[in-house]
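Asker: So you can see what is in the structure, the chains are spelled out below.
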Amino acid sequence: MHDGASPTPALRIEAVSRRFGGLVAVDGVSLEMAPNQVLGLIGPNGSGKTTMINLISGALKPSGGTIRLYGADVTGAGATVIARLGVARTFQIVRMLPSLTVLENVAAGGVFGHRRFWGAELHARTYDVLRRVGLDRAADSPVEALTYIDQKRVELARALIADPKLLLLDEWLAGLNHTELTTGIALIEALRREGRTIVVVEHVMGAIRALCDRCVVMMGGSKIAEGTPSEVLAHPEVIRAYLGDAHA
Amino acid sequence: MTAAERTNLGLAGLALLAAALLPVVGSGYWLSIGISIAMYTVLATSWALFSGPTNYISLATAAFFGLGMYTVAGGINLLPFPVLVALAALAGAVLAGVVGLATLRISGVYFVIFTLGLAELVRQLVAWGQHVMGASSGLFVLINVSDRMLYWMLLALAVLVYLVGWWIGRSRLGFALRIIGNDEVVAVHAGINTARAKVALFVIAGAFAALTGAVMAPRYNYVEPTLAFNPFLSFQVVIMALLGGAHRLWGPLLGVIPLTFLLEAISRSFPRQQILLLGVAFLLIVYFVPAGVVGLVEGAFRRRKFGHA
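If you read the sequences in order, they're chains A and B.
Going left to right, the first sequence walks through residues 1 to 248 as my numbering numbers them.
Going left to right, the second sequence walks through residues 1 to 309 as my numbering numbers them.
Treat the hints as calculated values from the structure; they're not laboratory data.
Using N, Cα and C, we set each Cβ at its ideal position, and we do this for glycine too.
Do not rely on the hints blindly, as some may be mistaken.
[Claimed, not checked] Taking CB as the label site, the calculated pair distances span:
id	chain 1	residue 1	chain 2	residue 2	range
1	B	LEU16	A	ALA190	47 to 55 Å
2	B	ILE113	A	SER222	53 to 61 Å
3	A	LYS61	B	ARG170	31 to 39 Å
4	A	ALA145	B	SER267	44 to 52 Å
5	A	THR228	B	GLY299	55 to 63 Å
6	B	TYR287	A	ALA145	27 to 35 Å
7	B	GLY108	A	TYR127	31 to 39 Å
8	B	GLU184	A	TYR127	20 to 28 Å
9	A	GLY227	B	ARG170	48 to 56 Å
[Stated by the list, open to error] Sample of chain A residues lacking proximity to chain B, with all beta carbon distances greater than 12 Å (derived):
id	residue
10	GLY78
11	THR80
12	GLY86
13	ARG89
14	THR90
15	LEU100
16	GLU104
17	GLU155
18	ARG158
19	GLY175
20	VAL204
21	GLU231
22	LEU233
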């Protein structure tokens with residue numbers, strides 16, 4: 001990195017598209033991110049951010065283009081394969097496993113994926129991540145008894161337990177109140193400090209400024225700007241996209 | 001092993017001992033009830049191993065049961081009975097594997113219809129095969145297996161189902177299935193190969209149903225497709241497992257016991273209205289005991305523990 005040779009990018013996307021019938025949700029987007037970075041994916045509703053997350057995590061297959069993870073071509077690979085390669089994600093709308101306890105909901109992420117634990121090791125590991133997100137006391141509760149932010153914590157813990165090489169957070173901060181937001185941002189900041197490689201889809205501007213090394217701005221399925229948070233947020237096209245022509 | 005587990009194991013051991021002694025103390029009516037209970041316990045418990053966690057309702061029990069029965073009936077003049085029973089399990093597993101790979105991608109009502117059609121398909125194939133081979137409409141199974149022996153074989157199968165179920169419950173495979181049953185999207189993003197997990201359980205359930213059919217074959221001296229592949233059997237197994245509760249290993253047994261007595265009473269007193277009355281019973285069960293007997297028992301336990309509903 002310091003000697004000028006560029007390292008293998010954690011994620012390298014080239015001209016990726018995804019069509020749903022006649023609708024082009026993602027249209028020839030290319031981007032690249034280095035390991036140990038936080039990349040923000042921002043843009044108005046319907047700009048294709050969640051589709052990008054679904055393409056990277058294997059939930060959707062691209063209609064065109066290529067996706068590489070740490071150099072390996074994973075274009076068209078399914079979600080199971082991608083998860084086993086070390087990609088973990090959260091969902092825009094939380095997905096709990098309602099008949100399982102908090103402990104089991106989190107453990108679910110650490111048995112079949114990139115790193116696999118079982119027995120006493122799984123138990124210890126699960127408690128470790130629960131403690132990280134501040135939920136160790138709720139380990140044996142049913143997940144349905146949790147508040148919304150605590151369910152989001154469960155999802156984050158489930159994604160963290162397998163020590164992902166790439167973490168995808170799809171609007172993890174959305175729907176939190178002011179106090180919760182502060183806690184939430186601190187939690188992701190801690191992940192960033194320990195050198196995790198993270199793609200965040202966010203709307204919260206404060207969080208984008210605080211968390212992201214770089215940002216990619218999407219609109220109508222295309223990439224319209226790229227740079228540091230302050231660069232892209234000052235970009236005329238971005239202002240136009242968010243606020244309309246009068247402000248640009 | 002915790003104290004509670006030791007207690008449960010002790011209770012299970014006592015129940016098994018009592019069950020094993022049934023042919024010594026009872027015969028006739030009681031032995032025939034015992035055979036039915038043991039048979040349905042194997043079928044309903046193995047059905048629930050797959051359908052309980054995944055929520056896929058399979059109506060294919062009769063297909064596997066009939067296949068097992070026909071494996072014995074077709075080979076009885078060529079190979080010893082125990083070998084045929086083992087072959088039946090293999091045949092059931094292979095059929096379940098092929099069907100599972102082809103159909104477990106489809107979900108919900110389509111899967112139900114397909115499995116129902118499967119029993120009919122296999123039945124027609126067998127009937128056609130018999131016709132082509134120039135055989136009559138059925139096959140003779142003339143070996144001597146006493147009712148006592150039959151009962152003990154079924155009881156041994158029941159023990160095997162429980163051991164396999166207990167093992168699955170503690171295994172990664174069992175955990176994977178519980179996750180799949182809750183949310184398949186979470187399951188794939190956690191790295192679970194959902195197709196493989198579902199097929200594995202479907203194969204286990206299919207093998208057990210085929211084993212049961214094979215063991216039951218000598219009870220009928222003459223085996224016909226309509227007897228072996230009776231779709232009614234598939235429905236009965238589902239009703240029993242749901243009445244008991246498909247989410248606990250011991251749940252189906254709690255449905256098997258009362259329904260076996262009910263079936264017996266209905267077929268004795270109202271032989272011509274059997275299906276009608278069973279349909280009514282099923283409606284009442286779904287309406288009044290939606291969570292199964294397990295749900296009632298666990299609900300009562302919770303109320304006692306916490307002093308409120």
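Asker: All hints are to be evaluated individually against the structure, with a verdict given for each.
Answerer: Going down the list of hints, with the structure as the test:
With their beta carbons about 54 Å apart, B:LEU16 and A:ALA190 fall inside the hinted range of 47 to 55 Å. At roughly 44 Å, the beta carbons of B:ILE113 and A:SER222 sit outside the given window of 53 to 61 Å. For A:LYS61 and B:ARG170, the hinted distance range of 31 to 39 Å is satisfied, since their beta carbons lie about 36 Å from each other. Between A:ALA145 and B:SER267 the CB atoms are about 47 Å apart, so this pair conforms to the stated range of 44 to 52 Å.
Separation of A:THR228 from B:GLY299 is about 58 Å and conforms to the stated range, judged on CB atoms against 55 to 63 Å. Evaluation of the 27 to 35 Å hint for B:TYR287 and A:ALA145 yields a pass: the beta carbon distance comes to about 29 Å. Range check, B:GLY108 to A:TYR127: Cβ separation about 37 Å, and the 31 to 39 Å hint holds. B:GLU184 and A:TYR127 have their C-beta atoms about 27 Å apart, which keeps the hinted 20 to 28 Å range intact.
A hinted range of 48 to 56 Å holds for the C-beta pair A:GLY227 and B:ARG170, which are about 52 Å apart. Its closest Cβ contact with chain B, about 7 Å, brings A:GLY78 to no more than 12 Å, contrary to its assignment away from the interface. Under the 12 Å C-beta cut-off, the non-interface status given to A:THR80 relative to chain B is violated; the minimum distance is some 5 Å. Look at A:GLY86: its CB is around 10 Å from the nearest CB on chain B, not clear of 12 Å, so calling it non-interface is violated.
Annotated as non-interface, A:ARG89 brings its C-beta within 12 Å of a C-beta of chain B; the closest such distance is 6 Å. Taking the minimum C-beta to C-beta distance to chain B, about 9 Å, the non-interface status of A:THR90 is violated against the 12 Å cut. Residue-level check failed: A:LEU100 sits 6 Å from the nearest beta carbon of chain B, not beyond 12 Å. Residue-level check failed: A:GLU104 sits 8 Å from the nearest beta carbon of chain B, not beyond 12 Å.
Not every CB of chain B is more than 12 Å from the CB of A:GLU155 (nearest about 9 Å), against its label as outside the interface. Distance to chain B contradicts A:ARG158 as a non-interface residue, since its nearest Cβ pair spans about 7 Å, not more than 12 Å. For A:GLY175, the requirement that its beta carbon stay farther than 12 Å from each beta carbon of chain B is met, with the minimum near 19 Å. The Cβ of A:VAL204 sits about 24 Å from the closest Cβ of chain B, beyond the 12 Å cut-off, so the non-interface label holds.
For A:GLU231, the non-interface assignment is confirmed: its Cβ lies about 32 Å from the closest Cβ of chain B, beyond the 12 Å cut-off. Against chain B, the non-interface label of A:LEU233 holds: every CB pair exceeds 12 Å, the least being about 31 Å.
Violated hints, in rising order: 2, 10, 11, 12, 13, 14, 15, 16, 17, 18; the structure is consistent with all others.
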